[in-house]
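Undergrad: Required output: the full structure, derived from the provided sequences and hints.
2 protein chains.
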Amino acid sequence: MVNYPNGKKAADAVKTTNYGKRGMSLEDDINTSNRYYLESKKAVVYKKPTPIQVVTVDYKSRQTARITEAYYRTPSTTDYNGVYNGYPLDFEAKETHSRTSFVLKLIHPHQLSHLANVIEQKAIAFVIVRFTHFDQNFIVRASDMIAEVKSGKKSLPHSWFMEHGKLAPYKLFAPVDYLSVIEKMIQEGEFK
Amino acid sequence: MVNYPNGKKAADAVKTTNYGKRGMSLEDDINTSNRYYLESKKAVVYKKPTPIQVVTVDYKSRQTARITEAYYRTPSTTDYNGVYNGYPLDFEAKETHSRTSFVLKLIHPHQLSHLANVIEQKAIAFVIVRFTHFDQNFIVRASDMIAEVKSGKKSLPHSWFMEHGKLAPYKLFAPVDYLSVIEKMIQEGEFK
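Order-wise, the sequence lines are chains V and Z. Going by the numbering used here, the residue at position 68 of the first sequence is 68; the numbering climbs one at a time, nothing skipped. Going by the numbering used here, the residue at position 81 of the second sequence is 81; the numbering climbs one at a time, nothing skipped.
Please keep in mind that the hints were generated in silico from the structure rather than gathered at the bench. Check before you lean on any hint, since a few could be wrong.
Chain copies aren't distinguished; within one or between two, either way the pair holds.
As the list claims (entries may be wrong) - Pairs of lysine to aspartate or glutamate, EDC-like flavour, derived with a Cα cap of 20 Å:
1) 122 to 39
2) 42 to 69
3) 105 to 79
4) 41 to 120
TA: Structure representation (structure tokens):
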């Protein structure tokens, strides 16, 4: 690792540009952004609940049904979808701690096939990839990422995102302001 | 109640027209229809999982995480959404056992406000109402139903659905073929 003359590590220097949002997960930041979009009437986007198979429920009282045995199920879809100005939105969000590349297996097969399905139905389908070390949130068209997976790639270097992705700006009420990027991409015909 | 000369009740006579699908819930029938739409590449629509607040998880082994304490949470949205040919779909489904009317409080406040929000974003928003006794599945625009709630109505008579709703046809692979109705309503400009 390259150290700066003052003894600080390079990564720390980069990290100081993160506007105090250190420690918030990508999911938290997207949920905050979605709340802002909802309240400002820009878009209606929600994270889907994790599917859980409930086996046993203890009904002590009507209000307080307590689940005492349940299991996580594999989801069939991506984590997020919604609607923006007549456009159906569908996306997945992933973070990587690597400084060099994004391992494609982080996007699971069911997520890839769901993205392919919604692209066929003309949804605005994309992936948000956070490189935590650089505090960068890239917006990438799902079709571009699917093409790389199909070509047999196992990972994509950071430079691929610099070339094919667009950085979501940080805003106070929308820490990952993906919608401003998507809005522009739609206007420029990037989703056909 | 009016009885037929053979002693059979009128409702029983109506019930015999139900094509053998008696006993399947509206949710089951919609899920079956959605699977058909997905496989035939007509639309991508899923029921959202019920949101559950997980409190305690028992990790005996990596594969078999067992949830031992959890609680149901109130959802923020409708149960179903997805995408059809570039259109964002969003809907709720309700059944009533009444022969005369549909009680509007069956559609909860969070569902009504979510429907209003997605209408503002130009989604194709609707409600599927099943009158179980007549085996009828009505498709109603969410905006029409919201207008009735706002006007202070507490319930809507069956005749309201005959006038304002459209019947979803029964098909072998799509027991509640709402998409064929929505397709036509879009073509006829019923969603502006």
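Undergrad: All hints, please: hold or fail.
TA: Each hint, compared with the structure:
Proximity of residue 122 and residue 39 under a CA criterion of 20 Å is satisfied inter-copy only: 16 Å between copies versus 26 Å inside one chain copy. In this assembly of identical chains, residue 42 and residue 69 lie within 20 Å of each other by CA distance neither inside one copy nor across copies; the values are 39 Å within and 37 Å between. Taking the closest pair of Cα atoms, residue 105 and residue 79 come within 20 Å of each other only inside a single copy of the chain (16 Å); across copies the shortest separation is 30 Å, beyond that limit. Taking the shortest alpha-carbon separations for residue 41 and residue 120, only the inter-copy value of 8 Å comes in at or below 20 Å, while the best intra-copy value is 27 Å.
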